Amino acid sequence: DAGVIQSPRHEVTEMGQEVTLRCKPISGHDYLFWYRQTMMRGLELLIYFNNNVPIDDSGMPEDRFSAKMPNASFSTLKIQPSEPRDSAVYFCASRRVAGPSKGNEQFFGPGTRLTVL
Amino acid sequence: QKEVEQNSGPLSVPEGAIASLNCTYSDRVSQSFFWYRQYSGKSPELIMSIYSNGDKEDGRFTAQLNKASQYVSLLIRDSQPSDSATYLCAVADTGRRALTFGSGTRLQVQP
Numbered sequence: 001d002a003g004v005i006q007s008p009r010h011e012v013t014e015m016g017q018e019v020t021l022r023c024k025p026i027s028g029h030d031y032l033f034w035y036r037q038t039m040m041r042g043l044e045l046l047i048y049f050n051n052n053v054p055i056d057d058s059g060m061p062e063d064r065f066s067a068k069m070p071n072a073s074f075s076t077l078k079i080q081p082s083e084p085r086d087s088a089v090y091f092c093a094s095r096r097v098a099g100p101s102k103g104n105e106q107f108f109g110p111g112t113r114l115t116v117l
Numbered sequence: 001q002k003e004v005e006q007n008s009g010p011l012s013v014p015e016g017a018i019a020s021l022n023c024t025y026s027d028r029v030s031q032s033f034f035w036y037r038q039y040s041g042k043s044p045e046l047i048m049s050i051y052s053n054g055d056k057e058d059g060r061f062t063a064q065l066n067k068a069s070q071y072v073s074l075l076i077r078d079s080q081p082s083d084s085a086t087y088l089c090a091v092a093d094t095g096r097r098a099l100t101f102g103s104g105t106r107l108q109v110q111p
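Those sequence lines, one after another, are chains V and S.
For the first sequence, our numbering puts the final residue at 117, and the numbers step up evenly by one.
For the second sequence, our numbering puts the final residue at 111, and the numbers step up evenly by one.
Here chain V stands alone, though its shape is the one from the complex (with noise of 0.2 Å):
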């Protein structure tokens, strides 16, 4: 199976410019995630959907931020405008349905490394 699909590998943009982050969760997934991590914070959550729906958008830090998931194969993270702290890489995750293991196992996605100038 392919696992989760991201793009693109590498965002290099100035600010105030809009930058949308794509990701391909791995096929019968019901849960997709979108975390951020840098040395300071680590890894935090942004937002989840379950089914398409948005769950929890608590850790979105702020307006500019936006997730789509407009069907179970696609989610897109915008952020417009973007600004140099928005520096990060970004994972999705997706997690698998539930089985014999009680199903809460995330995979994550190689990451998106943006950096805004």
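Hints in this document: simulated from the structure, not taken from any laboratory.
Bear in mind that the values here come from a model prediction, so they are computed numbers and not experimental data.
Glycine included, every Cβ here is placed at the ideal spot set by N, Cα and C.
Treat each hint with caution, since some may be false.
[Said to hold, decoys possible] Distance windows between CB atoms, simulated:
{"#": "1", "chain 1": "V", "residue 1": "R22", "chain 2": "S", "residue 2": "S26", "range": "30 to 36 Å"}
{"#": "2", "chain 1": "V", "residue 1": "G3", "chain 2": "S", "residue 2": "S26", "range": "27 to 33 Å"}
{"#": "3", "chain 1": "V", "residue 1": "E14", "chain 2": "S", "residue 2": "S82", "range": "21 to 27 Å"}
{"#": "4", "chain 1": "S", "residue 1": "N22", "chain 2": "V", "residue 2": "N71", "range": "39 to 45 Å"}
{"#": "5", "chain 1": "V", "residue 1": "P81", "chain 2": "S", "residue 2": "L75", "range": "45 to 51 Å"}
Since the structure of chain V is provided, determine the placement of chain S on it from the hints.
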């Protein structure tokens, strides 16, 4: 505020030794516990999950859970240089499907 605490390290062990990584968590309703390995510049990789008190073994890895003490650990036997990475402890409760991560412990296995 749910917290997951880990010693940042680095934890340095010689090749062939047992590496012991520890994690404490603050939320008593936590039900699921995970260890992820993250190599520099890579994404977190799930290596162990544990749900019940006691030990769970998988190859060279053993996860230990003590819910009364709110403590979870990871033992790596016969440590190899390729085990050198940051190990992230993660915790979830049954209601909230998202994970809360610790800041990670950096492990260095010396050849």
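Enumerate the violated hints, using their earlier numbering and listing them in ascending order.
The structure conflicts with hint 3 only, although it agrees with all the remaining ones.
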